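2 protein chains.
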Amino acid sequence: MQFSSKLIENAVGEISKLPGIGQKTALRLVMHLLKAPEEQSESLSKAIVKMRHEIQFCKKCHHISDEETCNICNSPRRDGTIICLVEESQDVMAVENTAQYFGHYHVLGGVISPMEGIGPSMLKIDSLVKRITESIATDQPIKEVILALSPTMEGDTTAFYLTKKLKAFEHLKITTIARGIPVGGELEYADEVTLGRSIQARVSFAD
Amino acid sequence: MQFSSKLIENAVGEISKLPGIGQKTALRLVMHLLKAPEEQSESLSKAIVKMRHEIQFCKKCHHISDEETCNICNSPRRDGTIICLVEESQDVMAVENTAQYFGHYHVLGGVISPMEGIGPSMLKIDSLVKRITESIATDQPIKEVILALSPTMEGDTTAFYLTKKLKAFEHLKITTIARGIPVGGELEYADEVTLGRSIQARVSFAD
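For the protein sequence lines, the chains are A and B, in the order given.
For the record, in the first sequence the residue sitting at position 92 is 92 according to the UniProt record's numbering, with numbers rising by one throughout.
For the record, in the second sequence the residue sitting at position 27 is 27 according to the UniProt record's numbering, with numbers rising by one throughout.
In short, the hints are calculated from the structure, not lab data.
Bear in mind that the values here come from a model prediction, so they are computed numbers and not experimental data.
Note that beta-carbon positions come from the ideal geometry of N, C-alpha and C, so glycine has one too.
Certain hints may be false.
As the list claims (entries may be wrong) - Cβ pair distances, simulated, as ranges: (1) 174(B) with 13(A): 21 to 29 Å; (2) 90(A) with 203(B): 50 to 58 Å; (3) 13(B) with 38(A): 17 to 25 Å; (4) 150(A) with 97(B): 34 to 42 Å; (5) 187(B) with 156(A): 34 to 42 Å; (6) 42(A) with 6(B): 46 to 54 Å; (7) 74(A) with 13(B): 20 to 28 Å; (8) 172(B) with 36(A): 49 to 57 Å; (9) 56(A) with 97(B): 42 to 50 Å; (10) 184(B) with 90(A): 34 to 42 Å; (11) 117(A) with 102(B): 47 to 55 Å.
Unchecked claim - Pairs of lysine-lysine residues, derived as BS3-like cross-links and limited to a Cα-Cα distance of at most 30 Å, are as follows: (12) 46(A) with 35(B); (13) 130(B) with 24(A); (14) 46(B) with 46(A); (15) 50(A) with 17(B); (16) 50(A) with 50(B); (17) 46(B) with 124(A); (18) 124(A) with 130(B); (19) 17(A) with 50(B); (20) 59(A) with 165(B); (21) 60(A) with 35(B); (22) 46(B) with 35(A); (23) 6(B) with 164(B); (24) 59(B) with 59(A); (25) 24(B) with 46(A); (26) 124(B) with 143(A); (27) 59(A) with 130(B); (28) 124(B) with 17(A); (29) 124(B) with 6(A); (30) 35(B) with 17(A); (31) 59(B) with 35(A); (32) 35(A) with 60(B); (33) 24(B) with 60(A); (34) 46(B) with 6(A); (35) 50(B) with 46(A); (36) 50(A) with 24(B); (37) 165(B) with 6(A); (38) 59(A) with 35(A); (39) 35(A) with 6(B); (40) 60(B) with 6(A).
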């Protein structure tokens with residue numbers, strides 16, 4: 001594609017490095033920025049650089065954070081005896097948006113995937129074990145770990161690995177999020193595995 | 001949506017101001033930037049700010065340019081006696097990408113639209129008239145203006161306005177791009193107006 005301007009070409013090139021954004025979309029964004037006041041481009045750029053430069057990962061749960069420990073771990077209102085185990089920081093945000101969970105989190109940073117060369121040692125599993133071990137001596141021992149991983153081959157493998165690893169803690173309850181028909185989903189379009197699991201794991205209607 | 005980080009929230013806020021990018025997409029882009037090396041965020045930001053700050057508009061044709069006059073107007077290889085009239089700089093790029101046109105351009109900066117309060121005086125029409133007038137005295141008088149506007153109400157209105165305005169130049173040929181069935185388009189899905197026009201404006205098969 002010809003841009004007849006090196007400046008435009010550079011900007012389009014950089015923007016189209018982002019996932020899901022091709023040259024045409026990048027050009028549309030550039031043209032939008034050109035029409036908008038210069039301040040918009042400046043505040044956009046500043047927000048990106050500042051975010052990338054200053055972001056930290058919570059020392060306790062590895063969730064993205066503005067400080068050393070995230071505001072979920074810091075909050076006195078949250079129940080530190082339950083840990084919801086997720087793959088990525090986005091998953092923490094997704095669970096937070098449900099407003100149905102008030103415990104702590106632990107971000108693994110991925111799932112075990114031999115295909116992509118990701119082994120257990122590359123995930124934050126040791127730090128989870130350490131976290132549980134250290135909590136035993138305190139007045140708030142971790143008593144439940146909720147596995148909230150994706151229902152993929154890799155997610156299931158990771159879940160099994162963790163279950164084995166955490167078996168040593170006899171007091172610890174290991175749960176997983178319910179699989180079933182999504183709310184608003186139609187039965188006839190559900191796949192057999194999901195439908196089968198949702199029948200096996202049926203709940204009392206009053207719940 | 002909860003982000004549990006002011007830095008993320010700001011970045012997502014700024015990115016989702018762009019057209020066609022919602023909060024979820026913005027968050028995906030932010031997460032991508034977090035995983036990528038810090039240099040990527042920096043070069044992205046720099047490219048945007050530099051582009052917005054240094055971009056100019058060609059004094060002759062109003063196309064975006066790195067210098068006072070764009071490289072199309074500057075090129076000795078291009079035919080300055082033909083002008084292709086377009087709405088926006090994107091349209092110049094689109095025509096350039098066809099590699100079928102070797103004349104100059106004139107970017108109107110929009111089309112006449114009473115609904116949006118855009119009158120002829122807000123477009124670069126006077127500068128087009130001036131350009132044609134001034135060219136008469138030179139050894140390369142402008143002899144053709146190709147109207148390459150969108151086939152919308154506004155585009156057609158603008159085309160009629162321009163035709164009337166340019167009638168004063170008796171030597172000037174005013175043409176418009178051909179309307180017809182797109183290459184690869186199927187006849188049965190074409191709308192009646194397009195199909196009708198493509199029959200009226202049929203061309204010899206040898207062409």
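Numbers of the earlier hints that this structure fails to satisfy, in rising order:
When the structure is compared with the hints, numbers 1, 5, 6, 8, 13, 17, 18, 20, 23, 24, 26, 27, 28, 37 and 38 turn out to be violated.
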